[in-house]
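Please arrange chains B and C on chain A, whose structure you already have, making use of the hints.
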Amino acid sequence: MTSQGPSGGENHPSNSGAKSTPAPVKRRGPEVQRAAVALPPEGFALAERLPEALAAHEVEVGAAIDEVVCRVPADHLVDVCRQLKDDPTFGFDYLRLLTVVDYVEQDGEFEVVYHLYSMTHRHKMMVKTRLPERRPSISSVTGVWRGADWYEREMHDLFGVEFNGHPNLVPLVLPDDFDGFPGRKNYPLNDYEEW
Amino acid sequence: MSFTDILFAFAGLFGLFSALLVGVLSLTWLERKTLARIQQRAGPSVVGPHGLLQPVADAMKLATKEDIIPAYADKLLFWMAPAFVAVPAFLIWLAIPFGDRIAVRVLDLGLLYLVAISGIGVVGLLMGGWASSSRYSMLGGLRAAAQLVSYEIPIVIVILSIAVLVQSLSLDAVIGGNTITIGEATRDLPGQGLIPFAFVMPMGFVIFFIAGLAELGRTPFDIHHAESEVVGGPFVEYSGVHWAVFFLAEYLNTFVISALIVVLFFGGWSWPNPPESIFGNDLSSITTNFVGGAWFMFKTYIVAVTIFWIRGTYPRLRIDQLMTFAWQVLIPLSFVNFVLIAVVLFYDWPLWMMPTLSLPILIGAAIGVQRGRGVRDRPQTVRILRRSAGEIGRPMPNAPTQTQISGEGQGGD
Amino acid sequence: MTENVAPTNLGSTIIQVPSPEPGTVDMMVNMGPQHPATHGVFRMELRVDGEQIQDLVPHIGYLHRGSEKLCEHESYSQIITLFDRLDYVSNFNNELVIVSAVEKLMDVAPPPRAELIRIIMCEFNRIASHLLFYGTFAIDMGAITPLLYNFRDREKIQALFESVSGARMMHNYFRVGGVKEDVADEFESRSLALCDELEHGIDETDRLLTENEIFLERTSGIGVISGEDALDWGLSGPVLRASGVPYDVRVDEPYSRYDELDFGIPVGSAGDCWDRFYVRILEARESVSIIRQAIALMEPGDTMSKIRRIARPPAGEVYAHCENPRGDLGVYIVSEGGERPYRLKVRPPSFCNLQALRDLTVGHYIADAVVILGTLDIVLGEVDR
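Sequence order for the protein chains is A, B and C.
Each residue of the first sequence is one higher than the one before, counting from 1 in the numbering used here.
Each residue of the second sequence is one higher than the one before, counting from 1 in the numbering used here.
Each residue of the third sequence is one higher than the one before, counting from 1 in the numbering used here.
Just so you know, not all the hints are guaranteed correct.
Said to hold, decoys possible - In the DSS-like style, the derived pairs of lysine-lysine whose C-alpha atoms are separated by at most 27 Å in a straight line are:
#1 LYS156/C with LYS306/C
#2 LYS75/B with LYS61/B
#3 LYS156/C with LYS33/B
#4 LYS65/B with LYS75/B
#5 LYS180/C with LYS156/C
#6 LYS306/C with LYS185/A
These aren't lab readings, by the way, just hints derived from the structure by calculation.
Since we're looking at a predicted model, the values are computed, not measured.
Bound-form chain A, shown alone (with noise of 0.2 Å):
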């Protein structure tokens, strides 16, 4: 988790700065700029406090275009949830969404990315997680907010990732009986060859 990943997608706002372009990042293929960072001024004000408030959870601050990034190991990442909806200072009370982004190919392991939103504060930011190939799984987070429900069964549907803790992991959009994780990279769009 202390390597920041080929496709992470996020630079840390110290050595970027509001509107600089950061150098591009080597990777397959041509060359591929970066997206530049342009974090709003609440948005400046979180990353800063963040890493301080979180030190107990081995948390990494970055940011990504407009919005805060944290990462944080996977088995600290209900009491960060909780910690970050509970303190007043971030309220941030508000699970806009919940994903699964495959990066097995580049770098084995699956991340789960929490958008967060704070109705007091008005400020976001995403918290991040990295989990292994093999039977991924991670602490549910419907304790912390009810609305990552039906996220989680989704993304366990799709991707296969076991939400521990989670009161009703069913298939929610696929089959009951339905083989295979269609979200992941590995499982083929179409079994037909586009002519």
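Just chains B and C now, kept in the frame of chain A:
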């Protein structure tokens, strides 16, 4: 019973049956046209002039459709249920007078007959609902049973009040008045030739109309076949001719209730302009009866259109609200109506005492229903927040500051 | 026949419900996926005691087309057409989300005129969507007439859309960096005339339903959800605002040119079905005022910025969201710097709103379940994606 009597009875039944079928077809057309006008569209307009033949086309379509019986259905009950709904709907018409003593069967106990027969339909609905072996039909059938049985009571009580008023159970007496002898005195009891009973007992009329709507399962009481909840209730699994028979019965019942309202409250064939005022006292002449019958049908259609109009306007109640309304409002009111008429007759008060006494009660009850439920006083819970006033969202970049707004007076609020 | 049923574990969250009396069992009623009141292929399993709902298990996925996976295999301009098909009654709003996400990623801005055209289209679409809501909601409650009135007005909006984009529903009109082509000359006058007609139509619905006695009976105090619960469930849009949470993306994180427009956000406080309905009535009126302001701001100019035809955004991650008629529609794009996104995830407002259905419904009657589902105003194309 002589042979001619039997012949006449058959002829009458056949004539009634055909006339009713035509009536039902016309009623479906009328409903579709009325609803279409309410909803700013054209309605049926392709088959025949003004779409007049659309019902015929529909009937043919239904007759040629496959009649499906669900695999798990109770086949006997499933087959019989439509008949149990449709036959009573036809039978009621035997007693309804189209003119002075013109009915298929002139019954001295006409009112009793109406009450007795109209209660049978619910059995058919319950049978259909049960036999279909579908949860929706089951719910629909149970809803129908609860609803129809509950609303039967105010209807019966109102009919009873009318019987008390005319001191007879004959429908002819209801329309034409009655003379009875109590002890030594001979007393003329009112008919509807001059004043229809809707004006004599407005409360009874309102109760009967509302309960009639509920008996029909018409909006706002179309709960047992609510399309958006139980998808047609007892009729979900029916198709083809069986469904057509249910459909026929529905419209026949609409027709019946309209006719009953006209007979019981609007003077049937007699009011206004009792035929004798135009044609003299020869009540048996064909012209007189024809005019009376036309009057009767005209009024019936007017009531039917009113029912359709309500259908085009109102949402539907919920089952518990419907039952509450029946048991807490309509049934007590119908008893009040009954007691009022008894008191007025007992003390020999003039008849205009009835509306004077019952109208305030009716209006009071209506207000009480509104207030009692408290919905009329619903506070305005939705406010509009403006970003420019700093009430919502991020401050506007060019918005006037709070002090500027409050400087203008009440603007800051 | 079991005497008592253990706390049911059928739904997502466990709610302790009273077990039926000894010797009786509750009836399971299956509503959907083919049911007139489920607004598409949504299925709910109801456990009812008589007419009262003891438990509700929602089932979705009948329309799952794997849109997100599909998007990973399409170029950005092709994705716009896929977004048209998410929430298929507010297509412009969907298009706006994806194009603004890609624009944010590429750090380009469309010309001011294009922004205004987008706003006007989106607000018209919001009205069209709300008109559909009033009608279908009324149908859910057995009133058949409002639908026809609303479709009359919606038809006019669709005609306008057709004149602008060439299509009535699947427009594919917004582009990364602008809109496909400029609007016709008579667009402004036509829109203004349409605004008046729409205002009249909304008033008509308002008069017909809002204060109706039966309507009030059916909606007042039904399906109440508090503001905290609504936030906890991640609700958004009119459903969230009806519970008293003043959150609207157009004012909380203003996008496009909403900064320059002055409009109100209706916020309820009761959180019941009536509030959810009335919030939408007022919202449609505000949309009319937004359209008028936007038309007043319109100036001649370009409608497409000078960027590459095929969008090739830089690597990075972006989350962009807009206020859809149903709520906060967002899109999260992970780009690796190609013509196609590496991962695309939609935040579907209907999906989140639907989660709360069970909490809202348990304890009410079957007829109320239909009404509550109606006020959530789901579109299955977006729920299932």
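When the hints from earlier in the document are held up against this structure, which numbers fail? Hints 1, 6 not satisfied by this model.
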